[in-house]
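Engineer: Each chain, letter by letter, is given below.
Protein chains: 2
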Amino acid sequence: MSEFLPPIETLIEQFRRLPGVGRKTATRYAMAILDMPAETANTFAEAITEAKTAIKRCPLCNNLTDGDICYICADTTREKVICVVEDTRALMRIERIRDYRGKFFVLSGVLSPMKGIGPDQLGLDKLMERLQKEEVEEVIVATNPTIEGDTTAAYLMKLIAPIGIKVTRPALGIPVGADIEYADEVTLARALRARNPIT
Amino acid sequence: MSEFLPPIETLIEQFRRLPGVGRKTATRYAMAILDMPAETANTFAEAITEAKTAIKRCPLCNNLTDGDICYICADTTREKVICVVEDTRALMRIERIRDYRGKFFVLSGVLSPMKGIGPDQLGLDKLMERLQKEEVEEVIVATNPTIEGDTTAAYLMKLIAPIGIKVTRPALGIPVGADIEYADEVTLARALRARNPIT
Numbered sequence: 001m002s003e004f005l006p007p008i009e010t011l012i013e014q015f016r017r018l019p020g021v022g023r024k025t026a027t028r029y030a031m032a033i034l035d036m037p038a039e040t041a042n043t044f045a046e047a048i049t050e051a052k053t054a055i056k057r058c059p060l061c062n063n064l065t066d067g068d069i070c071y072i073c074a075d076t077t078r079e080k081v082i083c084v085v086e087d088t089r090a091l092m093r094i095e096r097i098r099d100y101r102g103k104f105f106v107l108s109g110v111l112s113p114m115k116g117i118g119p120d121q122l123g124l125d126k127l128m129e130r131l132q133k134e135e136v137e138e139v140i141v142a143t144n145p146t147i148e149g150d151t152t153a154a155y156l157m158k159l160i161a162p163i164g165i166k167v168t169r170p171a172l173g174i175p176v177g178a179d180i181e182y183a184d185e186v187t188l189a190r191a192l193r194a195r196n197p198i199t
Numbered sequence: 001m002s003e004f005l006p007p008i009e010t011l012i013e014q015f016r017r018l019p020g021v022g023r024k025t026a027t028r029y030a031m032a033i034l035d036m037p038a039e040t041a042n043t044f045a046e047a048i049t050e051a052k053t054a055i056k057r058c059p060l061c062n063n064l065t066d067g068d069i070c071y072i073c074a075d076t077t078r079e080k081v082i083c084v085v086e087d088t089r090a091l092m093r094i095e096r097i098r099d100y101r102g103k104f105f106v107l108s109g110v111l112s113p114m115k116g117i118g119p120d121q122l123g124l125d126k127l128m129e130r131l132q133k134e135e136v137e138e139v140i141v142a143t144n145p146t147i148e149g150d151t152t153a154a155y156l157m158k159l160i161a162p163i164g165i166k167v168t169r170p171a172l173g174i175p176v177g178a179d180i181e182y183a184d185e186v187t188l189a190r191a192l193r194a195r196n197p198i199t
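Which chain is which? The protein sequence lines are A and B, in order.
First residue of the first sequence: 1, per the numbering used here; consecutive thereafter.
First residue of the second sequence: 1, per the numbering used here; consecutive thereafter.
Don't take each hint at face value.
No distinction is drawn between identical chains; accordingly, a pair holds when it is met within one copy or between any pair of copies.
Said to hold, decoys possible - In silico SDA-like cross-links for lysine to any residue, where the CA-CA straight-line distance does not exceed 20 Å:
| # | residue 1 | residue 2 |
| --- | --- | --- |
| 1 | Lys115 | Thr151 |
| 2 | Lys56 | Leu34 |
| 3 | Lys166 | Tyr182 |
| 4 | Lys115 | Thr43 |
| 5 | Lys80 | Leu131 |
| 6 | Lys24 | Arg96 |
| 7 | Lys56 | Arg28 |
| 8 | Lys126 | Val186 |
| 9 | Lys133 | Val176 |
| 10 | Lys166 | Glu13 |
| 11 | Lys115 | Thr77 |
| 12 | Lys166 | Glu3 |
| 13 | Lys80 | Glu13 |
| 14 | Lys56 | Met36 |
| 15 | Lys133 | Glu95 |
Don't read these hints as lab results, they were simulated from the structure.
Start from the sequences and build out the full structure, keeping to the hints where you can.
Structural biologist: And the structure:
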């Protein structure tokens with residue numbers, strides 16, 4: 001049922017495109033826009049078009065960039081390792097710890113029969129091309145430790161191992177500082193099985 | 001800490017203007033915009049500016065309108081009653097039940113010492129002007145039954161009663177269909193005190 005004037009309905013529909021936003025939240029957002037001074041709302045609209053114009057995906061790794069290739073791919077001092085992540089946020093999270101000195105590759109998605117995402121939709125052509133052109137010693141598949149992330153990692157393993165490049169995943173275990181009493185069973189079991197000698 | 005490229009930071013800051021949106025949600029929204037095809041994002045931006053251009057506040061009642069005065073104020077068959085509400089959504093909620101046939105007045109806010117909102121910020125000049133010019137038999141103060149809504153209603157009562165116009169509030173009580181076992185104490189107490197003979 002259309003209950004608002006058409007321009008408001010259109011605005012509500014647009015807000016519903018955002019992740020996790022239903023009709024009720026979208027309506028609240030639309031009302032907030034209508035309550036803003038015209039100039040503020042225009043600045044909002046411009047920020048959307050300007051971000052879309054200025055920000056592109058790096059043609060090599062899919063990282064967000066305002067230049068031709070991203071600052072990571074442009075950095076010739078990076079190690080010959082490619083860390084494959086699910087999205088740009090994972091990339092940024094890893095960059096921020098300033099401990100990893102290799103390169104990245106951002107997938108276009110993860111395998112998910114539920115959402116109908118198959119191997120063709122992960123954007124792997126570009127990754128495989130890089131593995132052939134660049135000198136790469138190792139691919140770290142840092143997809144999330146979820147069913148989808150694990151399945152994607154297994155698929156990448158099968159695809160890359162035959163080329164003779166080492167494929168690894170980040171270690172799973174109890175988080176540093178965590179209370180073992182509250183660790184979930186699966187994590188705890190894996191952590192015990194993957195135990196290490198004290199050095 | 002600025003962790004994104006400037007155009008992305010700007011977009012995140014704009015999304016934070018929306019009600020209830022913090023840094024994390026704003027970032028998720030900004031990322032969704034960056035993941036959209038350019039055309040989709042432009043349509044989004046246009047919806048904002050177009051809604052702002054097309055939709056105005058009715059000069060008589062502050063209802064949203066795409067014309068000069070809103071369809072309610074333009075309706076000469078409406079009863080000589082003004083229902084004062086906190087916002088446009090309350091107005092639409094009441095309109096949708098198709099039971100109330102009077103007019104409306106949308107406040108610009110409710111009294112709130114916490115948020116520093118005093119009587120001057122409610123936009124009451126316009127309401128008082130209407131009460132003088134229009135033939136009004138009753139003002140129903142349908143602000144929310146909260147401390148702020150009740151305080152605002154009491155203030156309006158003091159302001160309007162001297163003019164000789166009847167001021168009322170909607171009845172409080174147990175909602176139709178509710179389970180008395182789960183009714184809150186305050187509501188239940190008020191409902192019992194305001195009991196009516198069975199007719």
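Engineer: The structure should be examined with respect to each hint, and the outcome stated for every one.
Structural biologist: A quick look at each hint next to the structure:
In this assembly of identical chains, Lys115 and Thr151 lie within 20 Å of each other by CA distance solely inside one copy; the values are 14 Å within and 51 Å between copies. Only between protomers do Lys56 and Leu34 lie at most 20 Å apart by alpha-carbon distance; the minimum there is 8 Å, versus 30 Å within a single protomer. For the homomeric pair Lys166 and Tyr182, neither the shortest alpha-carbon distance inside one copy (34 Å) nor that between copies (62 Å) is at most 20 Å. For the identical chains of this complex, Lys115 and Thr43 are neighbours neither inside a copy (35 Å) nor across copies (26 Å), given an alpha-carbon limit of 20 Å.
Taking identical chains as interchangeable, the C-alpha atoms of Lys80 and Leu131 lie at most 20 Å apart only when both belong to the same chain, with a minimum of 10 Å there against 77 Å between chains. Taking the shortest Cα distances, Lys24 and Arg96 sit within 20 Å of each other only across copies (16 Å), while inside one copy they are farther apart (35 Å). In this assembly of identical chains, Lys56 and Arg28 lie within 20 Å of each other by CA distance solely across copies; the values are 17 Å between and 30 Å within a copy. Taking identical chains as interchangeable, the C-alpha atoms of Lys126 and Val186 are never at most 20 Å apart, the minima being 34 Å within one chain and 64 Å between chains.
In this assembly of identical chains, the alpha carbons of Lys133 and Val176 never lie at most 20 Å apart, being 38 Å within a copy and 71 Å across copies at closest. For the identical chains of this complex, Lys166 and Glu13 are neighbours neither inside a copy (47 Å) nor across copies (41 Å), given an alpha-carbon limit of 20 Å. Within a single copy, Lys115 and Thr77 get their C-alpha atoms no closer than 39 Å, and across copies no closer than 53 Å, so neither meets the 20 Å cut-off. Taking CA atoms no more than 20 Å apart as the test, Lys166 paired with Glu3 passes in neither setting, with 58 Å inside one copy and 31 Å between copies.
Taking CA atoms no more than 20 Å apart as the test, Lys80 paired with Glu13 passes in neither setting, with 45 Å inside one copy and 36 Å between copies. Taking the shortest alpha-carbon separations for Lys56 and Met36, only the inter-copy value of 11 Å comes in at or below 20 Å, while the best intra-copy value is 30 Å. Taking the closest pair of Cα atoms, Lys133 and Glu95 never come within 20 Å of each other, the shortest separation being 24 Å inside a single copy and 66 Å across copies.
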